[in-house]
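Undergrad: Read off the chains here:
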Amino acid sequence: MSSPSIIEDASQRVDRTKLVVIISIFVSFLILIPLGFSQELALGSEDTNGWVIVSVSDRVSLNSVAALDYDSALVVGEGGRIFYTNSSGSNWTQELSGSTNDLNIVEFGGISIAAGDSGTVLFREERVWVDHSIESGNNILDISISNYDTLSQMTVFTAGRGGEIWKYNGTNWTQLPSGVSSDLYGIDFLDQNQGIAVGAGGLILGTEDGGISWAPRDAPEDVGDSNLYCVDFTSPIRAFIAGEKGTFLRSSGTSGSLIGYDWITWDSGTNSTIRSIYSSSINKLWIAGDDNLILLTKDGGATFNNQSYPSDLSVDLAGVGMYDGFKGFLVGNEGTVLYTNTEGVDPTLAPTVQIYDDFWEFTTLMYPLLVTGLKATVKIIGYAITIGFSIGVTLAIFKTSQFGLRLPILLPMEGGGWSSIKFNPFKLFATLYTDVFRNTPLLVQFLFIHFGLVEIGVDLTFDGNFHRAYVSAIMALGLNSGAYQTEIIRSGIQAIPSGQMEAGRSIGLTYIQSMRFVILPQAIRIVIPPLGNEFINLVLNSSLASAIGYSELTRQGKLIIGITFRTFWTWSLVLMFYFSITYTLSNILKYLEKRLKVPGLGLGGED
Amino acid sequence: MTDEESPVIQVKNLEKIYSGGVHAVKDVSFDVFPKQVVVIIGSSGSGKSTVLRCINCLIEPTEGEIHLEDVQINSPSTDINEIRSEIGMVFQSFELFMHLKVLDNVTLGLTKVRGYSKEKADGIARVVLAKVDMSDKVDVYPGQLSGGQKQRVAIARSLAMNPKVMLFDEPTSALDPELVGSVLESIKSLVAEGMTMVIVTHEIGFAKEVGDWIIYMDEGQVVESGTPDMITNPKTERMKKFLGQILEA
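Order-wise, the sequence lines are chains W and S. Each residue of the first sequence is one higher than the one before, starting from 1 at the first, in this note's numbering. Each residue of the second sequence is one higher than the one before, starting from 1001 at the first, in this note's numbering.
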């Protein structure tokens, strides 16, 4: 017996294995980390904004802007100033307005119309501004061109000081009875009949007959007496109002009924006063206001994206005018004009303009997506292995159990006498379970759990606490792996001589205790290699979770290809990420196997 | 061995029919009195191991009664786990727990069944291991021991539970001849301490030396039983033939 030397040898072996694990983890990181470093280097160096300053030379207050084309616009401001550009704001030319009154609003709707103080109204006819002012009119603060065919066939509404609302029918101006005397700051018509006007102290007026009669509409209570500065009657199913202290209202109700009667406050996330809103589509809304406020919402006001431009100045932005959802202008005091053709987003961040022809640039930008996927994968396999192992141990014990209910049926025995049929419900359950899960495709199990169970009312989100795809992925992987682990662990249990159970029982341990302290510790040691295979299979199978929309590595890979079209690079990286998981895992298991090896148990136990 | 004392083990009309229909034990009855050593001999397949396994219910008897003192072992109302811890069992193939070191093999029952603390269990285990002369091997795995050493650890494991009776199922038949001696020495030292035992064995000489009462079984039945003298003076032809075969071998 040279047992001391054997023990020494074994402990050295363990240390060497430990080293292998450390090296393998190191290798994994070697694969992953450089990609991560390059990310910080590249992203830190570029930081530009989506809005470019294209101010006019006069440092006057500009009040309104109208985009005429993708590169041309009109801007109006104090002292009757009108500026025109047809070069996206690179060059501005001042146009002759023939007025020195402050111009408060310019709008384009087939024809360009500017309006301002003391009833000033100017039509731009053949690039010349023609005076169509309202005699005895008060200051005009907003206009709405509801219809334009020709100069003589057009409908324009104005709103202004003292609650005045005027209508132009192609020939002359008539005042409409608004029924209020407080200032009206905004007016907008959906068609020739439906219109909304807003004003001081939370005032909202509505008409359905082309302005012949106006009736007040209730603002939500929390608006209080905040001034409402702008209104956008976007579509038959949607209108927006905004004003002081970031107040933002959205019409409620959907189609079918007339809108504009019921308003709901939405959180714009700002306290600055909103001066102007512009809808470039039904849910895409541009907002400008005091203190450099630029907001964009693409979901009808549910979420707001704060935008900025490179400047230290505090500018009150008074007007927004967009040509489409991506190109447009903002104006404010100090002659400020801002222009974007990238939806106000930093062009380097906008995926539409990125060309991925440099590998390092590609990995740099896509690395975070892959790491997100890696984390998601590791998360589900961690839980799935735990669930699978628990199921495996439990059902393996069920499958090897000797328990029997005697059924009241007697069968004749060979040597004479009768024996009753024994029936083991545990064994039956475990057999059914493994048969079902091992004889159906894993992909279909994923689909069944994720899309099937929800229809019969199984709540996998646990009252909304978890992402459903996340729980589905864990369940599908865990339950499926549980079936395979059951068979693996059962084979381990059956490899242990029956005498071990007898020995355990003979010293007074119960069946379960004998399992727990005698059989399982030996059985699990024997099955570590096949169990390790199963774990690695589980990791690889986790890629099927992409089919139910769970954002693990494979799905992230598909996403990256959707952005970059770089299939070779993407799948190479995804493969490397999977390799780093499984390589580490298999080495940990190898280490565990050596670590737990005991002499005399199984072949090769002595080395 | 006095007849006034009540028996530790009583076996009454024991019958065992295996599920395959094999009638292994037919109407076997005997008593084991305190400090008595009962030795069961017989050829392979004679049912002697089955009898032994029935005594601590590793095999459920088909018919008959088995009593440990005044408790009927094979009754549904008996907690069999509690009874088993009172009956030590030593197996032909040792059945040490391969994944546990020698000391832990001995303490497992003490900590899990008796609920002793680790320290108390360790103390008891070291005492019983010293009795079987295995004190120097407490920290090795069974896989690193010779057969004789394994069997002595197995004896210590049973002994640690302080059983009322110990059952030996052919304790030396899996051992090389040169290792048999040390195991028999350990059993003899237990006999000297007055341990009650039932031994199933092929070692006729050993049976004669330690046995107080010899039972010879053949084809599931008790053919002959008596004091050790019967080995030298067998009454039945079957026993004579059996002894003849043993001596030839």
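Simulated from the structure, these hints should not be mistaken for laboratory data. Fair warning: there could be bad hints in the mix.
[What the hints assert, rightly or not] Listed below are the simulated DSSO-like cross-link pairs for lysine-lysine, each with C-alpha atoms no more than 30 angstroms apart in a straight line:
#, chain 1, residue 1, chain 2, residue 2
1, W, K594, S, K1101
2, W, K558, W, K597
3, S, K1112, W, K594
4, W, K597, S, K1112
5, W, K597, S, K1120
6, W, K594, S, K1118
7, W, K597, S, K1118
8, W, K18, S, K1208
9, W, K590, S, K1240
10, S, K1208, S, K1240
[Unchecked claim] FRET-style restraints, in silico, Cβ to Cβ:
#, chain 1, residue 1, chain 2, residue 2, range
11, W, G457, S, Y1018, 48 to 54 angstroms
12, W, Y511, S, K1118, 22 to 28 angstroms
13, W, Y511, S, D1136, 33 to 39 angstroms
14, S, K1118, W, H467, 43 to 49 angstroms
15, S, E1063, W, G452, 51 to 57 angstroms
16, W, G382, S, E1060, 58 to 64 angstroms
17, W, F466, S, E1060, 48 to 54 angstroms
18, S, Y1018, W, T440, 53 to 59 angstroms
19, W, Y511, S, H1023, 25 to 31 angstroms
20, S, K1188, W, G382, 43 to 49 angstroms
From a predicted model like this one, the values you see are computed outputs, not experimental measurements. Just so it is clear, CB atoms sit at the ideal spot from N, CA and C, and this is done for glycine as well.
Undergrad: If a hint holds in the structure, say so; if it doesn't, say that too.
TA: A quick look at each hint next to the structure:
no.	hint	result
1	W/K594 / S/K1101	holds (17 angstroms)
2	W/K558 / W/K597	violated (42 angstroms)
3	S/K1112 / W/K594	holds (28 angstroms)
4	W/K597 / S/K1112	holds (24 angstroms)
5	W/K597 / S/K1120	holds (28 angstroms)
6	W/K594 / S/K1118	holds (27 angstroms)
7	W/K597 / S/K1118	holds (24 angstroms)
8	W/K18 / S/K1208	violated (57 angstroms)
9	W/K590 / S/K1240	violated (60 angstroms)
10	S/K1208 / S/K1240	holds (15 angstroms)
11	W/G457 / S/Y1018: 48 to 54 angstroms	holds (52 angstroms)
12	W/Y511 / S/K1118: 22 to 28 angstroms	holds (24 angstroms)
13	W/Y511 / S/D1136: 33 to 39 angstroms	holds (35 angstroms)
14	S/K1118 / W/H467: 43 to 49 angstroms	holds (45 angstroms)
15	S/E1063 / W/G452: 51 to 57 angstroms	holds (55 angstroms)
16	W/G382 / S/E1060: 58 to 64 angstroms	violated (45 angstroms)
17	W/F466 / S/E1060: 48 to 54 angstroms	holds (49 angstroms)
18	S/Y1018 / W/T440: 53 to 59 angstroms	violated (40 angstroms)
19	W/Y511 / S/H1023: 25 to 31 angstroms	holds (27 angstroms)
20	S/K1188 / W/G382: 43 to 49 angstroms	violated (57 angstroms)
Checked against the numbered hints above, the structure breaks hints 2, 8, 9, 16, 18 and 20 and satisfies the rest.
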